[in-house]
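Participant: Now for the letters of each chain:
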Amino acid sequence: MNSLRRVTRARETGILLAFLLVVIVTTAKNPAFVFSPDGFRDLLVTPMLVLLIAVGEAMVIITRNVDLSVGSVIGLTAYTAGTLFKYTDIPWPLVALIAVAGGAVLGAVNGLLISIAKVPSLVITLGTLYAFRGINVLWTGSNRINSTDIPNDFQGIGTAQLIFIPVITVIAAVVLVLAAWYLRNIRGGREFYAIGSDPDAANLYGLKVGRRVLLAFIVSGTLAGLAGVLYVARYGTVDSQAGSGFELQAVGAAVIGGVAIFGGVGSVWGAAIGAMLLLTINRALPVLGIQDFWQQAVVGALIIGAIVLDRVLALRQARRLTVMEDSA
Amino acid sequence: MTATTPPATGSVSGQRSYPGYGRPFWQRLLLRRESAIIALLVAVILVASASVPHFAAPITYNFLLLDMAPVLLIALPMTLIIITGEIDLSVASAMGLASSIIGLLTQSHWPFPAAAGVALLVGAAGGAVNGILVTRVGLPSLAVTIGTLALYRGLAQGLLGTTAVTSFPTFWTDLATSTLPGTLIPSVTILIVVLAILFGLLLHFTPFGRGIYAIGLSSDAAAFSGVKIQRTKFILFMLAGLVSALAGIFYTLRFGSARGDNATGLELSVIAAVLLGGVSIFGGRGALPGVLAGALLIGVLASALRLAGITSDVINVITGTLLVLSVILTSFLAWVQRTRLSAGRKRRETRGPASS
Chain A
17 MNSLRRVTRA RETGILLAFL LVVIVTTAKN PAFVFSPDGF RDLLVTPMLV LLIAVGEAMV
77 IITRNVDLSV GSVIGLTAYT AGTLFKYTDI PWPLVALIAV AGGAVLGAVN GLLISIAKVP
137 SLVITLGTLY AFRGINVLWT GSNRINSTDI PNDFQGIGTA QLIFIPVITV IAAVVLVLAA
197 WYLRNIRGGR EFYAIGSDPD AANLYGLKVG RRVLLAFIVS GTLAGLAGVL YVARYGTVDS
257 QAGSGFELQA VGAAVIGGVA IFGGVGSVWG AAIGAMLLLT INRALPVLGI QDFWQQAVVG
317 ALIIGAIVLD RVLALRQARR LTVMEDSA
Chain B
309 MTATTPPATG SVSGQRSYPG YGRPFWQRLL LRRESAIIAL LVAVILVASA SVPHFAAPIT
369 YNFLLLDMAP VLLIALPMTL IIITGEIDLS VASAMGLASS IIGLLTQSHW PFPAAAGVAL
429 LVGAAGGAVN GILVTRVGLP SLAVTIGTLA LYRGLAQGLL GTTAVTSFPT FWTDLATSTL
489 PGTLIPSVTI LIVVLAILFG LLLHFTPFGR GIYAIGLSSD AAAFSGVKIQ RTKFILFMLA
549 GLVSALAGIF YTLRFGSARG DNATGLELSV IAAVLLGGVS IFGGRGALPG VLAGALLIGV
609 LASALRLAGI TSDVINVITG TLLVLSVILT SFLAWVQRTR LSAGRKRRET RGPASS
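Read top to bottom, the protein sequences are chains A and B.
Per this note's numbering, numbering through the first sequence is continuous, rising by one, with the last residue being 344.
Per this note's numbering, numbering through the second sequence is continuous, rising by one, with the last residue being 664.
Source of the hints: derived by calculation from the structure; they are not laboratory data.
All figures in this text were calculated on a predicted structure; none of them were measured in a lab.
Note that beta-carbon positions come from the ideal geometry of N, C-alpha and C, so glycine has one too.
Mixed in with the good hints, there may be bad ones.
[Stated by the list, open to error] Distance ranges between label pairs, derived from CB positions:
#, chain 1, residue 1, chain 2, residue 2, range
1, A, D165, B, F371, 34 to 42 Å
2, B, L506, A, R206, 46 to 54 Å
3, B, D375, A, L37, 40 to 48 Å
4, A, L37, B, L506, 45 to 53 Å
5, A, L37, B, T470, 27 to 35 Å
6, A, A48, B, G469, 22 to 30 Å
[Unchecked claim] Output of the computed footprint for chain A on chain B, the stretches with three or more beta carbons under 8 Å from beta carbons of chain A:
#, segment
7, 442-455
8, 458-467
9, 581-590
10, 632-641
[Claimed, not checked] Here are a few chain A residues that sit away from chain B, every Cβ distance over 10 Å (derived from the structure):
#, residue
11, L37
12, I40
13, F101
14, A124
15, S163
16, D169
17, A196
18, A217
19, G305
Make a model of the complete structure from these sequences and hints.
Facilitator: Next up, the structure:
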């Protein structure tokens, strides 16, 4: 199969086209959606937090697991960063590093519980979704971090631009490229797919399944920690509910992007484009004259449409393969 | 298919042994996970009654049952679904949708029973959509119901927008919070008990129920022994939608307010209660009494802590920790049992040749 056909056949292409369609239709209705400084910025910046956790989520799902705790991890790390800003004089790069490391630790907690206790990740991360959020609420109470508590040069990250691309977008793009490169070209990354396709076979083959799954959860936690830090930079205020509900957006973005929920299939590119599509639709609906109350319904319809489409394509592929086998 | 007993650890080198049945009946009864949860529930109630002021008052249980009624109701079909190895994340959204629909219809002057009837039908239809996507199209229920979680919630919010409908007939709102004559037990308890008995009979005493366990333990084996897998799952998803709508109607009446975002996130409490009650997420194992105890345990802890003056948010930490601990404990106990079994087998094997 030549490379052009591979590109047009790729699952990611369809989602990318859908994303471009949304952008073009909305821009035709209101050119300010893209062709204004604010519109362009929002288009690039708004999806980035979900994009980051969707990349981590995709890596976890590819190993046939799921991480429902990412929203709570964002909440905890964002509040950690905010508290350090408010009560200490630690320079902001160090604060950011501490918060990201905190995310990694929370991810490691998930991963260790799952790989050592051999308990399904759905259950563990459902539990830690509650537990992390609960700790956050206990700690935060009704306090909130306000933008006056946060150093200006750190908040500058939320609005700064590199030439004409927002810095947050650059950070997310770097993460995305690194993750995609690792999954595609590095042995460890390929093992993610092997484990997700058939954990038992991967184990028999001698792959260190537990260690890889642990790594996937640490990556997911780290990226959620990074998203938490960027949450502070972008929004400036953090309360005890920061990031709640993000887990479903992350899983939704991955599923829309063609990452199969039972592992082994998909790419972080797909998940990233899925996140762009999801959050851009949110912003496009009001422009198109649809009340944004319907936004979640559209998201749901998209998710279901995407998985039904995947199923139909898979069945057609299977039929074509049997025909080829018969004629051979 | 013996789901309420520990897994029969199959044949050991041609010689069949069922360690689960190697003990007297009372021991098997006591060593089950459901018994552990029920014992924990009783212990927590006793401790709370002794140490938390006002906990023992009947009014506490009144609020506890009213608060937990939706979770208790939806946990019933959810248990059956999880035992088949599937999951339904869309239940809380179905509650919200039912709430929006009765709100909308009451606003346009429909009689309440008719509005509630429509809401129930929509709930069942929503469950049927889940069921068709899972059984006919063959999609994983986790992905499907994440989709319908967003879809049904979106419909609920789209139908009502930000408005809240609060003009319900007082007869019905009073009924939702009423108590049984002469007691402080809320009337909704009757609904819960009746449904719990019905679901208990369905799961534990009918061929349909045995089929549910069979599907969860081995789908292929179940198919070969004549269990109608697709039909069973479809019915279960529809029941989940129906009961969720019922819970949504109760929720609306109890707070006298229909909103699109009613009961957001409740699916997590339901699933936590079911898993806490000893149902295996892999399917094939679990029993209803444990699930009811699991749901009540969450409720009792919440109200005890609230009365003890600790913020109600602590309950999230406790629900989460309990959930994680309970599954880890299960793995740990299974591991202990395995090592003990294999140690025992080694002893027998080394003794075997000597005695012959």
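Participant: Give me the numbers of the hints this structure contradicts, sorted from smallest to largest.
Facilitator: none
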